[in-house]
Structure formats: C-alpha cells, structure tokens
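Asks: Protein chains in written order, with this note's numbering: chain A, 1 to 202; chain B, 1001 to 1202; chain C, 2001 to 2202; chain D, 3001 to 3202.
Just so you know, the hints here were simulated from the structure itself, not pulled from any lab data.
Where a beta carbon is used, it is the ideal one built from N, C-alpha and C, also for glycine.
The reader is advised that the hints may include incorrect statements.
[Said to hold, decoys possible] Using 25 Å as the maximum straight-line C-alpha spacing, the simulated SDA-like pairs for lysine to any residue come out as follows:
1) A/Lys120 x B/His1046
2) A/Lys120 x B/Gly1115
3) A/Lys70 x D/Asn3125
4) C/Lys2120 x D/Phe3137
5) A/Lys151 x A/Ala83
6) D/Lys3120 x A/Asn35
7) D/Lys3120 x A/His135
8) B/Lys1120 x C/Glu2049
9) D/Lys3057 x D/Glu3086
10) C/Lys2120 x D/Gln3141
11) C/Lys2120 x C/Asp2142
12) A/Lys120 x B/Gly1020
13) B/Lys1120 x C/Trp2015
14) B/Lys1120 x C/Leu2105
15) A/Lys151 x A/Ala73
16) A/Lys120 x B/Glu1138
17) C/Lys2120 x D/His3135
18) D/Lys3120 x A/Glu138
19) C/Lys2120 x D/Val3010
20) D/Lys3120 x A/Glu49
21) B/Lys1120 x C/Arg2045
22) B/Lys1120 x C/Gln2063
23) D/Lys3120 x A/Gln149
24) B/Lys1120 x C/Gly2020
25) A/Lys70 x D/His3135
26) A/Lys120 x B/Asp1109
27) C/Lys2120 x D/Asp3109
28) D/Lys3120 x D/Asn3087
29) B/Lys1070 x B/Asp1017
30) A/Lys61 x A/Gln19
31) B/Lys1070 x A/Ala83
32) D/Lys3151 x C/His2128
33) D/Lys3120 x A/Asp17
34) D/Lys3061 x D/Ser3043
[As the list claims (entries may be wrong)] Computed far set for chain C versus chain B, every beta-carbon distance over 12 Å:
35) Ser2037
36) Leu2060
37) Ile2065
38) Glu2086
39) Ile2088
40) His2095
Protein chains: 4
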Amino acid sequence: MSDLLTHSIVEAGRWIDAQGWCPATGGNFSARIDNASAWVTASGRHKGELTPYDLLKVNLKGQPIDSVLKPSAETLLHTALYALDENIGAVLHTHSVASTVLSRLEASDSLLLSGYEMQKSLSGNQTHNTTISIHVFENTQDMQVLADQLKEVWTVTPLQWGFLVRGHGLYAWGRDMSEARRHLEGLEFLFACERDMMLLNR
Amino acid sequence: MSDLLTHSIVEAGRWIDAQGWCPATGGNFSARIDNASAWVTASGRHKGELTPYDLLKVNLKGQPIDSVLKPSAETLLHTALYALDENIGAVLHTHSVASTVLSRLEASDSLLLSGYEMQKSLSGNQTHNTTISIHVFENTQDMQVLADQLKEVWTVTPLQWGFLVRGHGLYAWGRDMSEARRHLEGLEFLFACERDMMLLNR
Amino acid sequence: MSDLLTHSIVEAGRWIDAQGWCPATGGNFSARIDNASAWVTASGRHKGELTPYDLLKVNLKGQPIDSVLKPSAETLLHTALYALDENIGAVLHTHSVASTVLSRLEASDSLLLSGYEMQKSLSGNQTHNTTISIHVFENTQDMQVLADQLKEVWTVTPLQWGFLVRGHGLYAWGRDMSEARRHLEGLEFLFACERDMMLLNR
Amino acid sequence: MSDLLTHSIVEAGRWIDAQGWCPATGGNFSARIDNASAWVTASGRHKGELTPYDLLKVNLKGQPIDSVLKPSAETLLHTALYALDENIGAVLHTHSVASTVLSRLEASDSLLLSGYEMQKSLSGNQTHNTTISIHVFENTQDMQVLADQLKEVWTVTPLQWGFLVRGHGLYAWGRDMSEARRHLEGLEFLFACERDMMLLNR
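Take the sequences, apply the hints, and build the full model.
Replies: Spelled out as structure tokens, the structure:
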C-alpha cells in the first residue's frame, strides 16, 4: 500500500513539473496513510525528479516519524487538511504563473468562477450554471498562522477542492491522488480561462 | 477493423492531452463503426491515459451495446452527428482555453473567421479569401436539448468541421479520425490567432 | 547523400511540429540536391509524422522527377528560392500563431526588428544595434503570382533569412538545413518578442 | 570530476532547450573546475544538442586551455563572475522571451520584484515580504566593456542570483549547477509573473 502511495506522489511530481507548476524546487505533495499519518515530500527537492527516498512519513502535527529527512515547511497545511476532513486522501501544493498572478489581482478573499463547463471537474458540481468560490489567504511565512486561519475559515464553511495563497500558489486536494490531480488540473484550467477573460473582456 | 478504430481513439487522446485540450477528464471522442453504431469513450476517464478498455459501443441513440460501461454524458451529441451526416466517421470533443474563452466573448451564435491561410485545413476551403462561420450553441446540461438544437440548425444549413458550445469547448469531426484531427488542430490554431488578433488589434 | 538530405527534412518536421509551427498538415520543407533539383514534402502529409516516403524530387520549376507523389502547392516558392540564390540549401515554410498574427497587423510590406541580441542568430548580423527588415507579401492562392513577386523584389534587393506571407506564415532558409533551422528558430523568437512588446509597450 | 561537470552542462542544455530558453544556438553555459579554470560551451552549438565534445576548458581570462575550439563570445562574463566570487560554481546564460522583453521595458538599471513566494527560490531569501533587485545592463557587443561594468557594479554591491542584459537575456549562477538551475528557473518564473502583472494590472 505504501508503495502505491509513494509511487502516486512521485508520478504526480513528474506530471506537475511537465505542466510547469512546480518550478525551482517549489511545491509539495502528500498522500494520507491512515488516520494518524501521511507521506509528504522532503524539503528542497525538485518535484520533477522525486524518488521514493525523497518522501517521509509525518504524523498529523507535521512531525517526522522514523525519518531524518526534513519535511517541507508547508507540511503543517497538508496535515491540517487531513485533520479537518477525513475524506481527504491526497494534497497537491503547486506554483503556477496563473495562480500566482490571479491571487494577487483578486482584492477580496474569494476568487469567484462561473459559467465554465470545467467547473464540473470539481466534485459535487453538476452544472456550469453556478458560481464557485476559491478562498484566497494572505501569504505568510508563519505556517502555524496560516493553518489556524484555515481551521477558522473551515469551521464556518468547509472549503472544497482547493484554496489559493496570495502571490504564492494553489493547494488542491481530493479523496485520493487521482481526484486531487483532477481538481488541480481543473482549477488551473479555470484560472487560465479567467486570466484570458480579464485580458480580453475589457 | 475495430482494433484500428479503438486504437485511433486511444492515440487521439494521447495527442490531444499533450496539447492541453482535454484536462481533468474533460472531453470525449468517438469513431463510427457502421450505420448503426460507434465506439465512444466511457465517462470519467482521463483522456490522456485511455486504453481500449475505456471504450464502449453505442447505438446511434447513444445507448450502450453489450457493455456495462457508462458512456460520456455527451455521447448523444456524437451520435446525433453520425445520424445527421453519413460521411462523418469520427468526432472529437475537446476543452481548450481558447475555445472556452472565445465562445464566451462571442455575443452572437456564430464565430466568424477570415483571411487566414489555415482556413484551408478545413475540408472544402481552397482559399484564405473567404469568411467561415463556426456555430456557437448556448451551454446546457440537458444533452437532449442540445442535440435537438443541433438538428434544428443542421436542417437549415448543415454545419461543417465543428461547432462551439459557449464556455464549454469544441466539437470537431471528419470523415475519419485523421480528418477529424486535422479539423481540430486547424480550428484550435485559428482560435489562437483570433484571440491574439483581439488582444493586439485594438 | 540523399539519405542525409531526406533524413534532415524528416527530423526538421518532427522538431517543427513539437514547437507547434506546422499544425493540421500545414507547412512544407525542402532541401536542395544539386543545381537542378531538390527534395520536397508531398502535399497533405502531417509534418510531424513524415517518413522518407512522403518526400519527392522536383526540378527547379517545381515539377516531380520520377515520382507519382503530388508536391506541396507551394513548391514553386521553394524552387524559386533555389533558383534565385545558389547558396540556399534548405527552405522551411511554417505556420505559427505569431507569424500569422504579426504579418496581419503589419500594414506595410516590411516588418522591422531592432535592438534584439537574437538578431545575431541571422547570418551576417554582428550586432543588436541595427534594424533588420523581413518582407511581408500579400497572401494569394496563385503561387505563380507570389513567385513572380518574390523574383521582382529580389531583383531590387535580395532578401535574407526569410519572408512572411500575410495571414499565412513564414518562409525561412539557409545554406543548409542546420542554418535554415537556426534562422527559423531565431525569427520565431523575434516574432514572439515583438508580439509581447506590442502588448506590453502601450 | 570533470566528467560530472561536463555532464551537468550537457544535461542543463537539454533541459533549458526544452523550456525554450536557448533558441537558435543562443545561450552559453559553464561550470568551474578550480580557482583558475572552467568548462564552457563552444561557440555556435545548439544548446539542446550538446555533447562533451562541444565544451572546452578556459582560464579565468576566458582563454582556451589545450583546445582548438572557439569559446562562446560571452565567455568573458562567465569567467568574470568566477573571478568576482569564489563561491560561484556554475553560470547559465539564457535567452527567454520574458527576460528579453522585460529587460527592454524596464527603463532603469534595476528590475524590482516583490511579494512573490517564488523569491524564496533565490538563496538567502526567507520571505516573500521583501523587494529584490535584478540589475539590468545595457547590451553591447564589447564583452570587455560589459565585464568591466559588471566588476564596477559588483564592487559597490555584489550581485546575487543573476543579472539581465537589455534586449539580450539573463545570466544566472549558483554555487553548483543545481543551484544555478534553481535560480534560473525561479527568476524565469518571476519574470513570467511580472509580465502577466503588467498586462493584467492596468
């Protein structure tokens, strides 16, 4: 089972790198093992060149289990998501140009998307004819602050599919790696469309 | 023969995914078998990772033949096209950023393209010096409604090469998979040019 | 020798297709054999999937030599170039979005480029600190007309590196395939920069 | 050791070419051997198709050591960097559309970047919440002039990570090839974001 999980992270890294969404060792990925632990990428690795030896186990406080590897600085956000929703099985944090730029241009704390068929790639959406909201958090280097804000927002309304961090990138998740990849790919497509609509529609 | 047809769909999927035109399990592809049936992609598969086992036979009402797989929701549009024109041998439905955005920005029901040499990639065109029209349908989740509108429009003037669904994407077709791919690639190139003309020409 | 020449065309096709510069069977490529003949791509082939069997010999009037294959419609422009300058050894005709759009937006018959280091990729240029001119011909489906205009312009001032056809694409050439590819790649880079300068510099 | 160094340059070339950052034989790359010499790419090679035979040793004045190959014209800037900072182990000079265009649009001698998480990919940066400056030199064909200006600027304040040459491209470096690649990839991502911010934020 762990082999399948670690392989799914390595594979996701190659694919995400080929899309240009994790340059310069940016990004971090994880997959839940059970109620108390997850595999997560070690700090500083190029995400297109991962091997299973670049992954470590952490508990849901983000602390390494039986490993000398240093977890990514943002591990705390991954494990916060696993703790907030037992149905989350995989988390992908990426840096694309579109997610970086749109999150800076959105002045509010919500990026609204509507009228796109691609919204249906996000689980639970059956129609283009609705408005979905992607939360935008302010960027901070203090991961505990960001994790606390995430919990606070979640308590009011659980987030779905993903959230943005301003000038930083996207966190996307799913019940397994396959769904997390679909949410990531769907959201990046929507961001690319929204960017073009902003450019062309004025 | 079926092996060649199913292979042509699998190959088209890999190529279309590499272009970025079927993200997040979006899109669906088909190839006509005979006057009464076609191979079509099953629902929910990532189109860049298709195998022959992700395809099923349907009749021209879009119903599965000897298969427990669920056809794509939009199968009805594929089979409507096969019923409307016996010369159509393959249909490719894709989601690109350019087709999504241009179809939203076009206020009328026709996207007009003129003055491009690439128009000659669309069968029957011998010159750049003409205007071609790509129909734009309103998006709806009711495929029967969309299929009926398609038939209604077709009765007045048969469509050629492809049509757009607003905020959704492109349907392109041809007498065989090779021509369907050429029409898809030609139309996407024209959309990319038209997007740039809108950006630069003001 | 012919094996090397045909291989150089097939290889160029794969590379050009990977750049997205010959979609939908567009484009045509050739390599000079001697003072009286050249290899040229047959009509209607996808340029990313060429084999040596998709090439034929033509004389410098563009007529097939010992072949039943149909040469590309634009063969006449290739052979006109070989006749105009004995130092031209290879010609690449491509369709990119940037060359299509820039050639439509340029109102005059010359696209001027200056201040780019990349101008040095075009043989004979030793500095960025000059202005180079790429001729823009009006598009026509009559290749004889276009070939005659080319000869007329050339008689006044021989063209260098390449020319544009409006709304159509680029012809680039060199003393051999390697130089033709460098001129093509350099010009496409310059067009991409010029497009961005137009977008950003206003 | 030399085998590892030359391999690291060849590999960097393939990767950089795949990103589109060294078209048309543009760009040049190097890796320090010791306090007095470095491997550098020979002039005129396509950087995506390098072999170890396309590299030569030079001393820190940019003169070939035991080689008949001609070093790249810009070797003097590589060796100037090795002489200025003993911690620099690898230098990558590239030509991207974004670096070419942004360097032309920036009127001052500094491109300022702030508010991007990706700034942390540049060694020594721990936060997005700061402003970093990338020096922009005027382009010249006289490499000695450019090397002298570099030394002059460096004496006042040592440059970090990389610098731009106007209308020309980027020099990026690091303590080894891996860090040089990370700085290159991080800077190119930041340039792509900044370009989009300029387009969208007005």
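Asks: Does each hint fit the structure? Answer for all of them.
Replies: Results of checking the hints against the structure:
no. : hint                  : in the structure
1   : A/Lys120 x B/His1046  : holds (14 Å)
2   : A/Lys120 x B/Gly1115  : violated (36 Å)
3   : A/Lys70 x D/Asn3125   : holds (19 Å)
4   : C/Lys2120 x D/Phe3137 : holds (18 Å)
5   : A/Lys151 x A/Ala83    : holds (10 Å)
6   : D/Lys3120 x A/Asn35   : violated (32 Å)
7   : D/Lys3120 x A/His135  : holds (23 Å)
8   : B/Lys1120 x C/Glu2049 : holds (20 Å)
9   : D/Lys3057 x D/Glu3086 : holds (18 Å)
10  : C/Lys2120 x D/Gln3141 : holds (10 Å)
11  : C/Lys2120 x C/Asp2142 : violated (34 Å)
12  : A/Lys120 x B/Gly1020  : holds (17 Å)
13  : B/Lys1120 x C/Trp2015 : holds (23 Å)
14  : B/Lys1120 x C/Leu2105 : holds (21 Å)
15  : A/Lys151 x A/Ala73    : holds (18 Å)
16  : A/Lys120 x B/Glu1138  : holds (16 Å)
17  : C/Lys2120 x D/His3135 : holds (23 Å)
18  : D/Lys3120 x A/Glu138  : holds (16 Å)
19  : C/Lys2120 x D/Val3010 : holds (23 Å)
20  : D/Lys3120 x A/Glu49   : holds (20 Å)
21  : B/Lys1120 x C/Arg2045 : holds (14 Å)
22  : B/Lys1120 x C/Gln2063 : holds (23 Å)
23  : D/Lys3120 x A/Gln149  : holds (22 Å)
24  : B/Lys1120 x C/Gly2020 : holds (17 Å)
25  : A/Lys70 x D/His3135   : violated (34 Å)
26  : A/Lys120 x B/Asp1109  : holds (24 Å)
27  : C/Lys2120 x D/Asp3109 : holds (24 Å)
28  : D/Lys3120 x D/Asn3087 : holds (19 Å)
29  : B/Lys1070 x B/Asp1017 : holds (21 Å)
30  : A/Lys61 x A/Gln19     : violated (31 Å)
31  : B/Lys1070 x A/Ala83   : violated (35 Å)
32  : D/Lys3151 x C/His2128 : holds (23 Å)
33  : D/Lys3120 x A/Asp17   : holds (18 Å)
34  : D/Lys3061 x D/Ser3043 : holds (16 Å)
35  : Ser2037               : holds (27 Å)
36  : Leu2060               : holds (24 Å)
37  : Ile2065               : holds (26 Å)
38  : Glu2086               : holds (29 Å)
39  : Ile2088               : holds (23 Å)
40  : His2095               : violated (6 Å)
When held up to the earlier numbered hints, the structure conflicts with 2, 6, 11, 25, 30, 31 and 40 and fits the remainder.
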